[in-house]
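Peer 1: One letter stands for each residue in the lines below.
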Amino acid sequence: GENVGLHLPTLSVQEGDNSIINCAYSNSASDYFIWYKQESGKGPQFIIDIRSNMDKRQGQRVTVLLNKTVKHLSLQIAATQPGDSAVYFCAEGFSGNTGKLIFGQGTTLQVKP
Amino acid sequence: SAVISQKPSRDICQRGTSLTIQCQVDSQVTMMFWYRQQPGQSLTLIATANQGSEATYESGFVIDKFPISRPNLTFSTLTVSNMSPEDSSIYLCSVQQGLLPYEQYFGPGTRLTVT
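Residue numbers (my numbering), protein chains in the order written: chain V, 1 to 113; chain W, 1001 to 1115.
To be clear, the hints were calculated from the coordinates, so they are not data collected in a lab.
Mixed in with the good hints there might be a few duds.
For lysine to any residue, the following SDA-like pairs were computed, each having C-alpha atoms within a straight-line distance of at most 25 Å [claimed, not checked]: (1) Lys112(V) to Val1114(W); (2) Lys1007(W) to Pro1085(W); (3) Lys100(V) to Pro1039(W); (4) Lys68(V) to Gln1022(W); (5) Lys56(V) to Ser1001(W); (6) Lys100(V) to Thr1048(W); (7) Lys56(V) to Thr69(V); (8) Lys42(V) to Ser1084(W); (9) Lys42(V) to Thr1077(W); (10) Lys68(V) to Asp1064(W); (11) Lys100(V) to Thr1079(W); (12) Lys71(V) to Lys42(V); (13) Lys71(V) to Lys1007(W); (14) Lys100(V) to Gln1097(W); (15) Lys100(V) to Gly1016(W); (16) Lys56(V) to Leu1100(W); (17) Lys42(V) to Thr69(V); (18) Lys42(V) to Ser1053(W); (19) Lys42(V) to Glu1054(W); (20) Lys68(V) to Ile1012(W); (21) Lys100(V) to Ile1012(W); (22) Lys100(V) to Ser1088(W); (23) Lys42(V) to Gln1097(W); (24) Lys42(V) to Gly1052(W).
Remember, it's a predicted structure, so these values are computed and weren't measured experimentally.
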């Protein structure tokens, strides 16, 4: 079936460096993608979304890139801080699917001080 | 974004019993969903909670096991029935606040352990 997967289960970066978290998806019909951050013991926190008619979107210290040709999504975090340590999930959705999201497996980001 | 609360935040239950989890939102929302997150894994959608009608369940989830209610636009419950250790998970509700499907936010989750 369709799936959204992540390339690396764990990413370790030095504080202050930039982080790049990748995600592959297989359904070309996906209308939008969302990145969530989940800290230990908490629910997923919305970070940023991107629609399928865009290839880049920027937020505060984060940038999401979408490459529909290769069905690839990435989340870039600038100047990574210890507070960025968490599990990051990408999720894909379909506008005609009443809000249902399909989640990838998650990448653990570890920030070393 | 909407403020979402869940009760209980965690519980330890014996097998064969049932637990009802509540999800309360501080404003009216269009859609409410229930997800399960098994230990160390990603999120899987259980069902969409429909106001005033039966929930829409995903493949692998059935109403007898996970009955859901949504009496109004700010509240929903999920019951985990006849629990077994395999039901030990985090259960999360999420809401779609407006008409835009990509504006979806999650509650803090309920951590359930079944012994």
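Peer 1: Does each hint hold? Answer for all of them.
Peer 2: We went through each hint and held it up to the structure:
1. Lys112(V) to Val1114(W): Outside the cut-off at roughly 35 Å; violated.
2. Lys1007(W) to Pro1085(W): Status holds; Cα separation ~20 Å.
3. Lys100(V) to Pro1039(W): 22 Å, holds
4. Lys68(V) to Gln1022(W): 39 Å, violated
5. Lys56(V) to Ser1001(W): 23 Å, holds
6. Lys100(V) to Thr1048(W): 8 Å, holds
7. Lys56(V) to Thr69(V): 14 Å, holds
8. Lys42(V) to Ser1084(W): 24 Å, holds
9. Lys42(V) to Thr1077(W): 19 Å, holds
10. Lys68(V) to Asp1064(W): Violated. Lys68(V) to Asp1064(W) sits at ~40 Å, over the 25 Å cutoff.
11. Lys100(V) to Thr1079(W): Holds, because 20 Å separates the two Cα atoms, which is no more than 25 Å.
12. Lys71(V) to Lys42(V): 29 Å, violated
13. Lys71(V) to Lys1007(W): Distance ~38 Å between Lys71(V) and Lys1007(W) Cα, so the pair is violated.
14. Lys100(V) to Gln1097(W): 13 Å, holds
15. Lys100(V) to Gly1016(W): 30 Å, violated
16. Lys56(V) to Leu1100(W): Holds, because 19 Å separates the two Cα atoms, which is no more than 25 Å.
17. Lys42(V) to Thr69(V): It is violated: about 34 Å lies between the C-alpha atoms, which goes past 25 Å.
18. Lys42(V) to Ser1053(W): 30 Å, violated
19. Lys42(V) to Glu1054(W): Status violated; Cα separation ~28 Å.
20. Lys68(V) to Ile1012(W): 44 Å, violated
21. Lys100(V) to Ile1012(W): At roughly 29 Å apart (the allowed maximum being 25 Å), Ile1012(W) and Lys100(V) break the hint.
22. Lys100(V) to Ser1088(W): 23 Å, holds
23. Lys42(V) to Gln1097(W): Distance ~20 Å between Lys42(V) and Gln1097(W) Cα, so the pair holds.
24. Lys42(V) to Gly1052(W): Status violated; Cα separation ~29 Å.
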